[in-house]
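Asks: The lines below spell out each chain.
2 protein chains.
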Amino acid sequence: MAAQDNGIQLMNPEQLSVELIEAQYALKDTKGKSNAKSVLILVSGIELAGKGEAVKQLREWVDPRYLRVKADAPQTFNHKQTFWQPYARFMPAEGQIMVMFGNWYSDLLTTSMHVSKPIDETMFDDYVERMRAYEQDLKNNNVDVIKVWFDLSWKSLQKRLDDMDPGEVRWHKLHGLDWRSKKQYDSLQKLRQRFTDDWEIIDCENEAERDQQFAQYILQTLKHCPEHQSKAKGRWKQAKVPDSLLTPAEAPLEKEADKDELKQLSKKVAEALRFDSRNVVLAFEGMDAAGKGGAIKRIVKKLDPREYEIYTISAPENYELSRPYLWRFWNKIQPEEKITIFDRTWYGRVLVERIEGFASERQWQRAYEEINRFEKDLYGSQTIVVKFWLAISKDEQEARFKAREETPHKRFKITQEDWRNRERWEDYLDSTADMLERTDTAYAPWHVISTNDKNTARLEVLRAILKQLKAD
Amino acid sequence: MAAQDNGIQLMNPEQLSVELIEAQYALKDTKGKSNAKSVLILVSGIELAGKGEAVKQLREWVDPRYLRVKADAPQTFNHKQTFWQPYARFMPAEGQIMVMFGNWYSDLLTTSMHVSKPIDETMFDDYVERMRAYEQDLKNNNVDVIKVWFDLSWKSLQKRLDDMDPGEVRWHKLHGLDWRSKKQYDSLQKLRQRFTDDWEIIDCENEAERDQQFAQYILQTLKHCPEHQSKAKGRWKQAKVPDSLLTPAEAPLEKEADKDELKQLSKKVAEALRFDSRNVVLAFEGMDAAGKGGAIKRIVKKLDPREYEIYTISAPENYELSRPYLWRFWNKIQPEEKITIFDRTWYGRVLVERIEGFASERQWQRAYEEINRFEKDLYGSQTIVVKFWLAISKDEQEARFKAREETPHKRFKITQEDWRNRERWEDYLDSTADMLERTDTAYAPWHVISTNDKNTARLEVLRAILKQLKAD
Numbered sequence: 001m002a003a004q005d006n007g008i009q010l011m012n013p014e015q016l017s018v019e020l021i022e023a024q025y026a027l028k029d030t031k032g033k034s035n036a037k038s039v040l041i042l043v044s045g046i047e048l049a050g051k052g053e054a055v056k057q058l059r060e061w062v063d064p065r066y067l068r069v070k071a072d073a074p075q076t077f078n079h080k081q082t083f084w085q086p087y088a089r090f091m092p093a094e095g096q097i098m099v100m101f102g103n104w105y106s107d108l109l110t111t112s113m114h115v116s117k118p119i120d121e122t123m124f125d126d127y128v129e130r131m132r133a134y135e136q137d138l139k140n141n142n143v144d145v146i147k148v149w150f151d152l153s154w155k156s157l158q159k160r161l162d163d164m165d166p167g168e169v170r171w172h173k174l175h176g177l178d179w180r181s182k183k184q185y186d187s188l189q190k191l192r193q194r195f196t197d198d199w200e201i202i203d204c205e206n207e208a209e210r211d212q213q214f215a216q217y218i219l220q221t222l223k224h225c226p227e228h229q230s231k232a233k234g235r236w237k238q239a240k241v242p243d244s245l246l247t248p249a250e251a252p253l254e255k256e257a258d259k260d261e262l263k264q265l266s267k268k269v270a271e272a273l274r275f276d277s278r279n280v281v282l283a284f285e286g287m288d289a290a291g292k293g294g295a296i297k298r299i300v301k302k303l304d305p306r307e308y309e310i311y312t313i314s315a316p317e318n319y320e321l322s323r324p325y326l327w328r329f330w331n332k333i334q335p336e337e338k339i340t341i342f343d344r345t346w347y348g349r350v351l352v353e354r355i356e357g358f359a360s361e362r363q364w365q366r367a368y369e370e371i372n373r374f375e376k377d378l379y380g381s382q383t384i385v386v387k388f389w390l391a392i393s394k395d396e397q398e399a400r401f402k403a404r405e406e407t408p409h410k411r412f413k414i415t416q417e418d419w420r421n422r423e424r425w426e427d428y429l430d431s432t433a434d435m436l437e438r439t440d441t442a443y444a445p446w447h448v449i450s451t452n453d454k455n456t457a458r459l460e461v462l463r464a465i466l467k468q469l470k471a472d
Numbered sequence: 001m002a003a004q005d006n007g008i009q010l011m012n013p014e015q016l017s018v019e020l021i022e023a024q025y026a027l028k029d030t031k032g033k034s035n036a037k038s039v040l041i042l043v044s045g046i047e048l049a050g051k052g053e054a055v056k057q058l059r060e061w062v063d064p065r066y067l068r069v070k071a072d073a074p075q076t077f078n079h080k081q082t083f084w085q086p087y088a089r090f091m092p093a094e095g096q097i098m099v100m101f102g103n104w105y106s107d108l109l110t111t112s113m114h115v116s117k118p119i120d121e122t123m124f125d126d127y128v129e130r131m132r133a134y135e136q137d138l139k140n141n142n143v144d145v146i147k148v149w150f151d152l153s154w155k156s157l158q159k160r161l162d163d164m165d166p167g168e169v170r171w172h173k174l175h176g177l178d179w180r181s182k183k184q185y186d187s188l189q190k191l192r193q194r195f196t197d198d199w200e201i202i203d204c205e206n207e208a209e210r211d212q213q214f215a216q217y218i219l220q221t222l223k224h225c226p227e228h229q230s231k232a233k234g235r236w237k238q239a240k241v242p243d244s245l246l247t248p249a250e251a252p253l254e255k256e257a258d259k260d261e262l263k264q265l266s267k268k269v270a271e272a273l274r275f276d277s278r279n280v281v282l283a284f285e286g287m288d289a290a291g292k293g294g295a296i297k298r299i300v301k302k303l304d305p306r307e308y309e310i311y312t313i314s315a316p317e318n319y320e321l322s323r324p325y326l327w328r329f330w331n332k333i334q335p336e337e338k339i340t341i342f343d344r345t346w347y348g349r350v351l352v353e354r355i356e357g358f359a360s361e362r363q364w365q366r367a368y369e370e371i372n373r374f375e376k377d378l379y380g381s382q383t384i385v386v387k388f389w390l391a392i393s394k395d396e397q398e399a400r401f402k403a404r405e406e407t408p409h410k411r412f413k414i415t416q417e418d419w420r421n422r423e424r425w426e427d428y429l430d431s432t433a434d435m436l437e438r439t440d441t442a443y444a445p446w447h448v449i450s451t452n453d454k455n456t457a458r459l460e461v462l463r464a465i466l467k468q469l470k471a472d
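Chains as they are written, first to last, in full-length UniProt numbering: chain X, 1 to 472; chain F, 1 to 472.
Because the hints were derived from the structure by calculation, they are not lab data. Possibly wrong hints are sitting among the right ones.
[As the list claims (entries may be wrong)] Below are the EDC-like pairs computed for lysine to aspartate or glutamate, each with C-alpha atoms no more than 16 angstroms apart in a straight line:
#1 Lys-31/F with Glu-317/X
#2 Lys-70/X with Glu-307/F
#3 Lys-302/X with Glu-60/F
#4 Lys-338/F with Asp-178/X
#5 Lys-410/X with Asp-29/F
#6 Lys-410/F with Glu-317/X
#7 Lys-263/X with Asp-29/F
#8 Lys-338/X with Asp-258/F
#9 Lys-413/F with Glu-317/X
#10 Lys-267/X with Glu-60/F
#11 Lys-302/F with Glu-60/X
#12 Lys-31/F with Asp-144/F
#13 Lys-155/X with Asp-126/X
#14 Lys-80/F with Glu-336/F
Quantities reported herein were computed from a predicted structural model and do not represent experimental measurements.
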């Protein structure tokens, strides 16, 4: 190995390649195991610094079949899209490595440099903070995030622009910025320094060193994939189960004019949903037979089937299990979908997964904050999240289970598993109490609605939607 | 029930709803079983006939959570996209029902009515034939396809245009056609009659009858989901194993100037791939250790990592198994991806799945033609499919297995399963022979290349790519 000026020791390329491939296969081998990991590499930098070349060289050294590359031109932020939405579906599964050329940071830079009303410093720093929180959530969920900035001095950039081979231009779209302007270069450098303290910075004056520094950094990370999962913090403080869960209201609060009001409210809600400029996510949770399906049916009654999407959530598939648990929800909420309805939700993590032990203690204990961040990001992107807990008494559930068993076309709705879940009624109450206490936020409040009386419940659900749409 | 003029007997709506829900749950219940089915409903028709309303009414009668709706404005064909590509990812999984408002027929009509150089009758009929073949393949793979045309007379259409409530306009985009023009109406009717003989035609003069006819038709189909799978045709005629598989060439055909030629060829191939106006799919099959990885590495050496995508195919996931077996490949080949490389392919159906019994006899016997149609559709959409069988002798495989076991960074590449597969060497030869005989087509020929000598093999692979790109 030869010591270099900038401290990089060049490794023998064959040795480097062998070690990279070994590390790659070791990572691949973790798939499905308790130490499973995946690696997400975010790549950004100065134009012509050579990030494409460095990734190309890396892909020659590794087994290229197990290193995926996603390349998108940076885009400006869409006001109805969280920063992670364009990238969520490319999240690597356990054992995989994904390189992202376009990523949330390049979008942030592009938005700052291009938009007529640029992002101010406070907003910029707020974005960076949310991005880091998102990455920490990824790490806690076994996606290691590596960030690499390819840097180049103003002088070298000018020289490379002078020397550019027109045939190579294709891969060096300059994204509409004038790289001849020292002022633009300087402002970009100033901006990126607001977020690159936790990045690997690669000085790209020398190509061989650039490629080695990049590959060696990847190798080191692969070899020492850190254990990111934070420990559960001390003893869990169980929330008190509120009366709204213990004894849901029994008597119909009102009986008169129910039908008329229901019709009118349905229409009002449909219009409110349709003409709101924001997107709306309706999230339904509740014990079995609490009436989630009926409530949803009432809401969509006055909507056109092309206006909404309903997702019924059950146990995750294997390909979903090999990614962060929120991943399947990230991908179901789409900016172009006006109304998205969930029959059961991401709260499964702190309900059934907690109770059945599918999530470890530290996983579900960490989930409340992850979920809050998720909903806050949506809220920040013009997406209203309306959450319902439909509360039912244990007796009423039993009555409904029995009625289902006796009604031919409802028999499908009741299984042995429903009876088994019922045995864990108290556990569900405890978990729900914790959930309500920890995730009832200003930006995504819970609506706890007693459904012992179905008609009243339907009215209340509709009213709650109207109220939240108006309040926000 | 009251007999109507057009022969529809109106059912009691509650009864209809109960029967629909029962049928829906029965379908849902087939998931994962041997009689598993899904239902795809293609909906098209005259503007303002009320297809949206009919689907809305249907969704009120069924459990809306288990009837998904996909609505897209019809689009004109993109010349690099097969007709099924925009819709493939919305294919319903076992137990699911999916309604598609935008579909390949609406795209065909839109293309015919809008494009400056319209599709001539022969081309139109050719499209219809391919669409029907595709639907038959879906049916054979347990996706029932239902096609419903909502019809309306010219006179009624004019009346509805007169009466239209401007507030409702949003859902009645007229797709740029002048529905006041009798001529345009007539030509659309003439066109659609070229494909609607196997459609359910619904006369939409009367709204209540329209909704009932549609819902009853869906109900009948759900109740009597036909067994579409065609039987295996008589005795299987096993192809003779060709010498190219039995005794792959041993001696290097050439030794001189190999390295130089390899370098030059690599560069030539990269340029040919990059500058070809079409997309390219490179498909690699071969026994274990035949050198698929090495061949791919050589091809991508001169490409930028953003120019290609490599898919390494292994056993399908559950969510893939609950859809037609080609589905996961439909979704991996994307019009915007210039070069897509497969390390193992859709031929798994007639190789490992045949040999291990994962596919039934009639499934794998039917697969050859399904695969041929799939590749022909790609070819028709400016996508070149270059297929390689890398042939190796049994002795050479053993030598490579042993070498892998002895080389630290290659040990990952060899498992007990590889040794087990080796025991079925003769079965693989037979299956490969059948595959070569039945899928070596003019539009997607096989290149059988001996890889006993790795250097020669790499040259041959590169030459074959160049040859096929030039030939087409």
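Asks: Hints first: check each against the structure and report whether it holds.
Replies: To see whether the hints hold, each was checked on the structure:
Between the alpha carbons of Lys-31/F and Glu-317/X the distance comes to roughly 14 angstroms, so the proposed pair stays at or under 16 angstroms and holds. Between Lys-70/X and Glu-307/F the CA atoms are separated by roughly 10 angstroms; this keeps the pair inside 16 angstroms, and the hint holds. The hinted pair formed by Lys-302/X and Glu-60/F meets the criterion: a straight-line CA distance of about 10 angstroms does not exceed 16 angstroms. Straight-line distance between C-alpha atoms of Lys-338/F and Asp-178/X comes to about 29 angstroms, which puts the hinted pair past the 16 angstroms bound.
Between Lys-410/X and Asp-29/F the alpha-carbon distance is near 13 angstroms, which keeps this suggested pair within the 16 angstroms criterion. Proximity of Lys-410/F to Glu-317/X is assessed by CA-CA distance (about 32 angstroms); at most 16 angstroms being required, the pair is judged violated. For a cut-off of 16 angstroms, the pair hint linking Lys-263/X to Asp-29/F is broken: about 33 angstroms separates their Cα positions. With a CA separation close to 60 angstroms, the supplied pair Lys-338/X and Asp-258/F exceeds the 16 angstroms bound.
Simply put, Lys-413/F and Glu-317/X have alpha-carbon atoms about 27 angstroms apart, too far for the 16 angstroms limit, and the pair is violated. Proposed proximity of Lys-267/X and Glu-60/F is supported: the alpha carbons are some 15 angstroms apart, at most 16 angstroms. For the proposed pair Lys-302/F and Glu-60/X, the alpha carbon gap of about 10 angstroms is at most 16 angstroms, so the pair holds. A hinted pair counts as satisfied when its Cα atoms are at most 16 angstroms apart, and Lys-31/F with Asp-144/F qualifies at roughly 14 angstroms.
With a CA separation close to 32 angstroms, the supplied pair Lys-155/X and Asp-126/X exceeds the 16 angstroms bound. A hinted pair counts as satisfied when its Cα atoms are at most 16 angstroms apart, and Lys-80/F with Glu-336/F qualifies at roughly 8 angstroms.
The structure does not agree with the numbered hints 4, 6, 7, 8, 9, 13 stated previously, though it agrees with the rest.
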